[in-house]
Amino acid sequence: MSKLPSRASVFRRVLVALGGLLILLLAACAQESPQTTIDPQTAFGDDIQYLLKLTFFAAVGVFILVEGFLIFVVFRYRAHASETGAPAQVHGNTRLEVIWTIIPAVMLIGIAVPTTRIIFDTQAPAPKDSLPVTVIGHQWWWEFQYPTLGVTTANELHLPVGQTAAFSLESADVQHSFWLPRLGGKRDVIPNHVNELWWAARDVGTTPGQCAQYCGTSHANMRMIAVVQSQADFSQWVQAQKAQPAQPPDGSAAAAGRAVFARSACIGCHTVEGVSQGKVGPDLTHVGSRTILAAGIISNTPEDMARWLKDPPAVKPGSLMPNLHLSDDDVNALVAYLESLK
Amino acid sequence: MAAHVSGEEHHPSESGYIRVAIALFLFTTIEVIAFYVEPLRLLDLLAPILLLLSAIKFATVGGWYMHLKFDSKIFMVFFGVGLALAATVILLLMTLTSELDRPGKPFQTINTQPTLQAVQAEEQTKGFTPKYDLKSIGNVELGREFFVSRGCTGCHQAPGIQGGGQIGPNQAHFSERPTIAGGLLPNTPEAVEKWLKNPQAIKPGTLMPDLSLNEDQIRDLTAFLYSLP
Amino acid sequence: MAVSTAAPHAVTEEERTSTGLNHRMVLMWTFLGSECMFFASLIANFQVQRGRSLNGPYPDELINIPFTSVSTFSLLMSSLMMVLALAAIQRGDVKGLRIWLLATAFLGSLFLGGQVYEFTGFVQHGLKLSTNLFGASFFVLTGFHGTHVTIGVIWLMSLYFAAKRGRIQQRDSLSVELAGLYWHFVDIVWIAIFTIVYLLKV
Amino acid sequence: MATLIRPMAQPVVTALPRPHAETGLWSWITTVDHKRIGILYGSTAFILFILGGIEALIMRMQLATPNGQVVDADTFNQLFTMHGTTMIFLVVMPLSVAFFNYIVPLQIGARDVAFPRLNALSYWVFLFGAIFINLGWIIGQAPDAGWFAYANLTERPYALGLNTDFWVLGLQILGVASILGSLNFFVTIVNLRAPGMRFMRMPVFVWMTLVTNVLMLLAFPVITVALTLLLFDRFFFTHFFVPSGGGDPQLWVHLFWIFGHPEVYILILPAMGMVSQILPTFSRKPLFGHAFVVYSGIAIAFLSFGVWAHHMFAQGLGPTADAAFSFSTMLIAVPTGVKIFNWIGTMHGGQLRFKTSMLFAIGFIAMFIIGGLSGVMHSSPPADLQQNNTYFIVAHFHYVLFGGALMGIFGGIYYWFPKATGRMPNEGLGKLHFWLTMLGMNLTFFPMHWTGLDGMPRRIYTYPANMGWDFWNMVDTVGAFTIALSVLVFIYNMMRSLRHGEIAGNDPWDGRTLEWSIPSPPPHYNFAQIPVVTSLDDWWHKKYGGHGEAATHGAPVHAPMAGASEDDGHDGHAEAHPHMPDPSYWPIIMAAGMFFLALGLLFLPTVPVGTYIICAFGFALFVTAMYGWCFEPVNSPTVADAAAGHGMAGGH
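Chains as they are written, first to last, in the numbering used here: chain A, 9 to 350; chain B, 9 to 237; chain C, 199 to 400; chain D, 10 to 661.
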């Protein structure tokens, strides 16, 4: 029979294990969370953050008080064998009842007042000089239209830093929810309703977002990114988007790809300026300039694009884009063509 | 029931019931007359008057015929809670959907939403008799919704449906065509179903992709196509 | 009922309950309170959909106020017949009960007939369930009311035949009263529907 | 309101042998005994709890790692839809109803419910509804639109299969069961209280049952209408929620939550009632502020109809509506807080005995506080814009529904197990169950707060690796399996205690309410003599005299004091037995009729003829059962008064 460990060594081992766990937890916390809601980059986000902190610390305070008292009561009043008879049969205390009705009510007023202010502030009409953006939710991708700039793109929202973007949210099919966590709260996208949302991004950078209202099979795959750029970069991007797509030189792989595109069902659903006018799927006029494909679930590399073109529903379950049973050559040509559409 | 039985002694007599009926009759008559008095409507008085009158009728039937006025007050509570909540819910819902301040406002139709207007389609079908018994093929309505929502409009146009691409044939007069699939198949429901199931197998290289439709979807689409004038 | 049968007949002449109210009466009133929410949701739906039809036929083109007023009167008067039936059985007048029950059911059927006629006319004018939102919400609201009337007529006729076989005596007046409560409820719902759907125009 | 006092037990007519066996399958199928129906409800709901739990475990396996490959997207969507629907409509509600059935008549001193056959019908309709909604699994088309099934995702173009049809029709059937059951319990509580039991002398559990049933009566018609509209959209091509026809998908959201928010309280209030029974018993003190606990329950119910739009803060209702619904939502925190403070007040100064049910009750309070506080956090609409539809919400409502409702129900099971079975549950295993549950649930649901704030939306079947959600999702999964383990311990404990548990006696916990004054398990007729109630916690006062303060010499726990029931239990002679309602076949036949009516509709779009045939069959069953029911006397015709005839018994 092996020797039992002494109490002290058991204690030490528990400590070590706990310490290990703690380090593990810290390591986990330190992980990057690109879609976090608690690192706001807009004034709207700051307002939300303020309310979150207010309610959170109020909640923590109440939590500590009430749970603490609960634990105290549980330990203090546990029955002892020595006790005989019943404890004092207290039936209640009206004064206490009034107190613990009023105190929470007062605390809630403390939350309600800033809440109301922020509700009305954030839902006021957007500032006059803001950039209008029409967001259209589709099953399972995002369409972004810039009506004043004449640009249409998909899944990749480009915004100038510091300028308010006024979103008008529409849906082409079912309910979605437009949500870029770092840039502010979500707003549902509802068919036959036009919802409004506006904010100005503070810093340059790329931040992910995704649909937050369950919208069918590939709800999980309905992602997007917001690219916040300096005014100059943004103007440059707009110019590039408005330009006619590049014409592939004759005899190149891209030209072959354009031929495949034009003689396949692609043209029914996709627009490429000067080639086709499909409205069902994303506008592909400048697809080569995007960094993501298929609503952000794959990156825009030739390999990923080939995988996507070969069998879209395998990449994004339920995808409306059918498997066109393209040959490998056709796929390669198409990839060359689409990647050339910068 | 003891309280109930004792309460019954105070129930109105039969002549009382008849008097109540006369009152109800009169109130309804006033309602209907008020409906035809144009000035009331112009002055926005019609709705309040009608609502008041019908509330009085409501209370009269409840109070006298249902004996709420005479029976235990508990019944009043049971019924009243439901009634009060019912009225509140109607008013709140109307408020939240802007029906109170802007009544009768039709929704803005959004251009991104493919509009299927069943009735327009139906009006166009007037005088058109389908070649086949559509019900035995599939469900036309489902087929139409499917046609719009699942991308067929990307390439095809059809009567009664706004928008629609011009890559594939316009599906108007579908049943009058002698053949389908560019002449490869006769224009029969069986052939259409076969075609929709896998166009590439019938006509390799066709622009029409295999949309991985299931049997029900194929039948409904076929029925829809044959319903087109 | 558990309690009523727990003791010999003499004791259960009146059922003994905590409130002194009969179980079935409490049940019926509670049920009617619940039904209020049912019709409220349907009416709310009608109100919300009002004026949102994308295409005709619109209510103005179809609704015939004089005709519906007449069937409204017949339903209102059936309520009178119903209380008279109850009053009859409460004094032990089984014959009177049968006559008034029949009259109630007849007026109810008249109302239903009117509704069938109205619906047929609407369909002939091109308004079907699937035509537009007015058609859908109108048919669903009035249709569910009509279903309630139909159930009421069946109930009344069941009572009539039971009375004919001598199964309803003075002490069973409660059975008539319950049917009456239901019938009057259907009537007051129609009062609301008539005003909201037919008379209120915007 | 007790204007009439029921006489003390009248020794009535001798019961003849029943037409049906008292044991065996048929006796259960035809039973109208509220205790048996309670057990049927409880065991059915528990089986469905295991089913819903398995669904959850598969989901947790899928989400344990990024890009999980356990199930595909469609299956996952079916899993979470059915997990939510099952846990809400088929587990927590019916488990509560099981307690209404078993306990409420005992606590109010009644021999049965007001409408025993209606009660049986309610159970069978529930069972058939539960089967119906799960039928989808068999053909691989279980409901997949989420438990709130937002239109227009549920409309034909986006939901082509039978998935949503199973959901719509199944919920419609379950709604019927709920309405029937709540009508019955409402009348029972209003009308069948023992003499002297005024409303304010009713135990809190009875009060919360009453409030819950009022909520069901008022909330379920709304979902019935919403489902009907959806059903018309799907089967008869109306456009209520179809945007292309001018319909408004948001109307569904409104109607759903007008029902859905009261539904949340329908889930939690019964558990609050149970906790309010358990805490006083194991503190040996009366409930602190009984009246306030009752009133706060009523206040919660009242407010619950005015807060539905807080589920819709992201829907863009406008600032005024957001602010108004935010206030009403915050207001609900006040009565909820009152309840929690009163529970702690009950324990304060008591002699706490930590039996398993007491542990669960304390666990309920501790966990419910967390759920309640996170609820306050998203009562603020702007903050909710970041939390809505994320795992933060998932964490919140699991703290309320698992940490709250289910913990309360587990407490109730341990508390009333001896009453229902006559045997004590094993304390050691019970405590193991409790601690595993606590550990498992906090491990599962607490990290969801972080993943939610880190932007993880709910209802996603997969997520990429670089989002920072991996670790906590793995922790969630470990926690979920810990919960599964705790449920296994619970099942083992129940099986074991049922066979080998210590004999309980009438009043093992030294209880305070009427159910402890009668034998365990209670005889068929519950009370040989209907007790006369003179105070709140009447049984305690009968045991200890006066107001209970006189009890200075620790009461013997396992020997009941002289009470109203000296003669029951032992002899079982018929002459002391009141005649109880006879079993009936009609409830199950009627429920089957409804099942076929719904089943037929499934074939409408594809095989209309099948619809007509199956619906006609269902309708025939239904009408037959209805008439059979109306003409069947409650008791066998040998009873004198039944022979005298009750005429056309319109409805039961």
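Read the hints as simulated data drawn from the structure, not as lab findings. Where hints are given, some of them may not hold.
As the list claims (entries may be wrong) - No more than 27 Å apart at the CA atoms, straight line, and that leaves these computed lysine-lysine pairs for DSS-like:
| id | chain 1 | residue 1 | chain 2 | residue 2 |
| --- | --- | --- | --- | --- |
| 1 | B | K202 | B | K143 |
| 2 | A | K250 | A | K287 |
| 3 | B | K143 | C | K326 |
| 4 | B | K205 | A | K287 |
| 5 | B | K143 | A | K287 |
| 6 | B | K81 | B | K139 |
| 7 | B | K139 | C | K362 |
| 8 | A | K287 | A | K136 |
| 9 | A | K350 | A | K250 |
| 10 | B | K139 | B | K77 |
| 11 | C | K293 | C | K362 |
| 12 | A | K318 | B | K143 |
| 13 | A | K287 | A | K318 |
| 14 | A | K350 | A | K287 |
| 15 | B | K143 | B | K81 |
| 16 | B | K143 | B | K205 |
| 17 | A | K350 | A | K318 |
| 18 | B | K211 | A | K318 |
| 19 | B | K205 | A | K318 |
Unchecked claim - So these bits of chain D aren't anywhere near chain B, every CB distance computed over 12 Å:
| id | residue |
| --- | --- |
| 20 | M70 |
| 21 | L171 |
| 22 | L226 |
| 23 | F246 |
| 24 | A375 |
| 25 | L452 |
| 26 | L494 |
| 27 | V496 |
| 28 | L610 |
We treat Cβ as the ideally placed atom computed from N, Cα and C, and that holds for glycine.
Hints and how they fare:
1. K202(B) to K143(B): Judged against 27 Å, a Cα distance of about 19 Å means the pair holds.
2. K250(A) to K287(A): holds, 18 Å
3. K143(B) to K326(C): holds, 18 Å
4. K205(B) to K287(A): Distance ~24 Å between K205(B) and K287(A) Cα, so the pair holds.
5. K143(B) to K287(A): violated, 32 Å
6. K81(B) to K139(B): Roughly 66 Å between the alpha carbons, so the hint for K81(B) and K139(B) is violated.
7. K139(B) to K362(C): This hinted pair is violated, its Cα atoms lying about 56 Å apart.
8. K287(A) to K136(A): With Cα atoms ~31 Å apart, K287(A) and K136(A) exceed 27 Å; violated.
9. K350(A) to K250(A): holds, 11 Å
10. K139(B) to K77(B): violated, 64 Å
11. K293(C) to K362(C): Measuring from Cα to Cα gives roughly 9 Å; hence the hint holds.
12. K318(A) to K143(B): Measuring from Cα to Cα gives roughly 38 Å; hence the hint is violated.
13. K287(A) to K318(A): This hinted pair holds, its Cα atoms lying about 21 Å apart.
14. K350(A) to K287(A): Holds. K350(A) to K287(A) sits at ~20 Å (cutoff 27 Å).
15. K143(B) to K81(B): violated, 56 Å
16. K143(B) to K205(B): Distance ~20 Å between K143(B) and K205(B) Cα, so the pair holds.
17. K350(A) to K318(A): Since the Cα atoms of K350(A) and K318(A) sit roughly 22 Å apart, the hinted pair holds (cutoff 27 Å).
18. K211(B) to K318(A): With Cα atoms ~20 Å apart, K211(B) and K318(A) stay inside 27 Å; holds.
19. K205(B) to K318(A): holds, 20 Å
20. M70: holds, 28 Å
21. L171: violated, 10 Å
22. L226: violated, 8 Å
23. F246: Answer for F246(D): violated, closest chain B Cβ roughly 4 Å.
24. A375: holds, 34 Å
25. L452: Answer for L452(D): holds, closest chain B Cβ roughly 40 Å.
26. L494: holds, 41 Å
27. V496: Since the minimum Cβ distance to chain B is about 38 Å, V496(D) lies beyond 12 Å and the statement holds.
28. L610: About 14 Å separates L610(D) from the closest Cβ of chain B, which puts it past 12 Å; holds.
Hint check: violations occur at hints 5, 6, 7, 8, 10, 12, 15, 21, 22, 23; the rest are consistent with the structure.
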